[in-house]
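Chemist: Chain by chain, the residues run as shown.
There are 2 protein chains.
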Amino acid sequence: MSRNSTNNSYVKDMSDVLAGPTRDEAHALSRQKPYSKEDVLNGDLTGLGAARRRFLAGVAAAGGVAAAGALGGTTAKAEKLAVPEWSKSMGRPIEPKAYGMPSKYEGHVTRNRSDIFVNKQNFSDWSMTPIQHQKGILTPNGLIFERHHAGVADIDPDQHRLVIHGMVKRPLVFTMDDLTRYPSVSKFYFLECSGNTLTDWLAVKSKTVQQTHGLLSCTQWTGIPVSWLLDEAGIDPAGKWILFEGADGSAHARSIPVDKAMGDTMLIYAAGGEMLRPENGYPLRAFMPGWEGNTSVKWLRRIKVSDKPWHLRSETARYTDPMPDGRWRQFSMEMECKSVITNPSGGMQLKGPGLYEIKGFAWSGRGTIKAVDVTTDGGKSWKTADLEGPIMDKCLTRFRYRWNWDGGPTKIASRALDDTGYVQPSVEDIAKSRAIAGFVQHHNGIFPWSVSAGGEVKNAIA
Amino acid sequence: MSRNSTNNSYVKDMSDVLAGPTRDEAHALSRQKPYSKEDVLNGDLTGLGAARRRFLAGVAAAGGVAAAGALGGTTAKAEKLAVPEWSKSMGRPIEPKAYGMPSKYEGHVTRNRSDIFVNKQNFSDWSMTPIQHQKGILTPNGLIFERHHAGVADIDPDQHRLVIHGMVKRPLVFTMDDLTRYPSVSKFYFLECSGNTLTDWLAVKSKTVQQTHGLLSCTQWTGIPVSWLLDEAGIDPAGKWILFEGADGSAHARSIPVDKAMGDTMLIYAAGGEMLRPENGYPLRAFMPGWEGNTSVKWLRRIKVSDKPWHLRSETARYTDPMPDGRWRQFSMEMECKSVITNPSGGMQLKGPGLYEIKGFAWSGRGTIKAVDVTTDGGKSWKTADLEGPIMDKCLTRFRYRWNWDGGPTKIASRALDDTGYVQPSVEDIAKSRAIAGFVQHHNGIFPWSVSAGGEVKNAIA
Chain A
4 MSRNSTNNSY VKDMSDVLAG PTRDEAHALS RQKPYSKEDV LNGDLTGLGA
54 ARRRFLAGVA AAGGVAAAGA LGGTTAKAEK LAVPEWSKSM GRPIEPKAYG
104 MPSKYEGHVT RNRSDIFVNK QNFSDWSMTP IQHQKGILTP NGLIFERHHA
154 GVADIDPDQH RLVIHGMVKR PLVFTMDDLT RYPSVSKFYF LECSGNTLTD
204 WLAVKSKTVQ QTHGLLSCTQ WTGIPVSWLL DEAGIDPAGK WILFEGADGS
254 AHARSIPVDK AMGDTMLIYA AGGEMLRPEN GYPLRAFMPG WEGNTSVKWL
304 RRIKVSDKPW HLRSETARYT DPMPDGRWRQ FSMEMECKSV ITNPSGGMQL
354 KGPGLYEIKG FAWSGRGTIK AVDVTTDGGK SWKTADLEGP IMDKCLTRFR
404 YRWNWDGGPT KIASRALDDT GYVQPSVEDI AKSRAIAGFV QHHNGIFPWS
454 VSAGGEVKNA IA
Chain B
4 MSRNSTNNSY VKDMSDVLAG PTRDEAHALS RQKPYSKEDV LNGDLTGLGA
54 ARRRFLAGVA AAGGVAAAGA LGGTTAKAEK LAVPEWSKSM GRPIEPKAYG
104 MPSKYEGHVT RNRSDIFVNK QNFSDWSMTP IQHQKGILTP NGLIFERHHA
154 GVADIDPDQH RLVIHGMVKR PLVFTMDDLT RYPSVSKFYF LECSGNTLTD
204 WLAVKSKTVQ QTHGLLSCTQ WTGIPVSWLL DEAGIDPAGK WILFEGADGS
254 AHARSIPVDK AMGDTMLIYA AGGEMLRPEN GYPLRAFMPG WEGNTSVKWL
304 RRIKVSDKPW HLRSETARYT DPMPDGRWRQ FSMEMECKSV ITNPSGGMQL
354 KGPGLYEIKG FAWSGRGTIK AVDVTTDGGK SWKTADLEGP IMDKCLTRFR
404 YRWNWDGGPT KIASRALDDT GYVQPSVEDI AKSRAIAGFV QHHNGIFPWS
454 VSAGGEVKNA IA
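These protein sequence lines are chains A and B, in that order. Residue numbering for the first sequence follows this note's numbering, beginning at 4 and increasing consecutively. Residue numbering for the second sequence follows this note's numbering, beginning at 4 and increasing consecutively.
Check each hint, because a few of them may be wrong.
Because identical chains cannot be distinguished in the list, a pair is counted as satisfied if it fits within a single copy or across any two copies.
[Claimed, not checked] Once the Cα atoms are required to be at most 25 Å apart in a straight line, the calculated DMTMM-like pairs of lysine to aspartate or glutamate come out as: (1) K354 x D262; (2) K354 x D181; (3) K373 x E391; (4) K210 x E391; (5) K172 x D422.
Everything labelled a hint here was simulated from the structure, so no lab data went into it.
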């Protein structure tokens, strides 16, 4: 194959840019001098500081700048703008080697253990992602939610092994070096705990969307399809269920139907551009796109093929759904279509009537999001929200709706539709086929927030 | 608008899943007992530990597991698999509030100050992203490259102000609360320093791709189009250039043509799902998609409209390109189409002949990547690599090429094509229209790595 570089015209016709000067001419043209201590201390390196100070003095003298009238509530107020300290001094220099952290002013944005529904067992617990602070669709790696059954394993990747055995022609053992040598695949997917939103259908009500919906994260995951390794091992035709087991102290495990395992199931070693964090399964986890989080077994050490499911603790005592007739549904692993408004949400305070952008997430374990409706009048009417691309399969999708709040008390909520035609149900709809009792797993009901006349936003579950 | 929830059948026909048991039946079915200390210490919580130990004993006794023959070089070796400590103990419990960090075993993955081309000024320096370790297209927030002119400003967002003035009808001042109240937009974009790859055309050669191409990062950026605010301010028809100035000690600034500013230029306050990190401009920066990084002014405090460019220090003494006639091209801000192989790359060691996946990044400030070619014979022949979606405008695109290395010495390189028909040039092509001298900004030449017969990978720039 040959490609010609015929389009490499480096000097372009930029009609409103000056023709290039010589280096001496350039220095003469520049209004700036090389750095001096005095320049830095004056915060005046562009040579424009005096003009800026005159402008700002004028602003203060004139008593105000015209309001930014296009957006109610964001009036730019007149004020005396002192030159801040950080414009008059040198900042932190670059370290030889570093891993950056958020600003000290963002210390309130953390992954939090629930303080509403308190779990007494330190080692079998969960922490929630602050989705009310999340921008865009990506969850920062330091804020991806946690759910552990025996604490966070601290695994040496050089010692870690993955075993494939059971009803296979050739049992196999892999090192991490083996696995990362395979061609890799990266995919954007959401990850949601089956218990996300479970507490709010009980007597205890959560306050924030972090507490109600924070067992939800999204990033780009990198690894290999498990089907490649199972093909190498050679599944016995009678093999129908596949065990995925973790190397943590609880040996958390799940039985997965062979069709899912040979379909889009992945072995994941990286998330958000780097190797997995310990609490998210370092150095290796399973990943079942669109299925409840606990099936994406972390710290993965073993894959075993069988002709039937195992009926593990996590498939009987846990992660099952009560039905109206007193029986419990097992293996309900798909996370159905769901959405929630993250801004404004519980604990926030609106600053008077005016324009607000209602923002939130929609997602479906069945596929892609086709539409999201928003109500701002307690469900009397629903309007179509804007969806922001890229809209990806089994991935968080941002919806946005511009709302002009009249200052009256109301309730707001969202309702998502996926590409299978499934519509996020009301709580009443869910109650028709399931018992709303105990730990309600897989609760994807429409979730309302109330807004008071004072602008206070609260959990509005009846 | 009304949507019917007709598709909400919660109890589905899952033919290979058992009908739900009662809770008592479920407990009886389970092979697991509730946790006990003994269970945990034995690492035997699934009830399958004994079987696993028998299997592994068998593996050791039989002297080996069959090799994973499909992928040369990843033979699974027989070995005695002891139960590791982390499978026999409780791990780290969840903290009440936390911001997670990488595993201690990933401590070598850091953003590094250059140790090849050493800058003597601590406060005007850069650090490079370890792109050889990056998985997928996202750069973790802690590893996004840095370039500062007076160190990292530590700005209190409550005190920060953005001023818009100059040739406008209404000068405006904004607080961060004002700006974050606007409807927001999130976009995936690469960010590249104009000086990326500059040192390797000088006498000093870098060793790793972090050193040669690590002034390159990619994430999802969130903020608002600057055109919304400029429309509010009302640009004078004679206004043709717009100054963006930072609040850091250097007051770094650039003159931007009005068409770009009113086009896709954004005011960014978040990246990778959270508020910007201090070193990347917290709480506010400009973002010029596809343009050299220094135009995306960090710690943005001022936007001023004028009828001509300012010819700032960063537009004369810096960030200009030498031409063959001794003149210097100014305002060459677009980052043209480029690619590089990140795996294998300088400093890596191949473990003998066999299959390797050649991986790398391609990107273009002009638009989307259409194709990447890879040579594994020093440029004699070029083969088309696979591109991994989603392929987004002005965003890193992963290419992958499966290479069966025969063990002989050779050179490998990549060459990208964008949707304008522009082909990444050779160094010889670039030299036809520009002087390869001094700090060569905007160097997007095809970049070769040599592979020795021993598997050692090195920078192969002549």
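Chemist: Now look at each hint and say whether the structure bears it out.
Modeler: Verification of the hints:
| no. | hint | result |
| --- | --- | --- |
| 1 | K354 x D262 | neither (52 Å within a copy, 35 Å between copies) |
| 2 | K354 x D181 | between (56 Å within a copy, 11 Å between copies) |
| 3 | K373 x E391 | both (11 Å within a copy, 24 Å between copies) |
| 4 | K210 x E391 | neither (27 Å within a copy, 41 Å between copies) |
| 5 | K172 x D422 | neither (39 Å within a copy, 47 Å between copies) |
Comparing the model with each earlier hint shows violations of hints 1, 4, 5; every other hint is respected.
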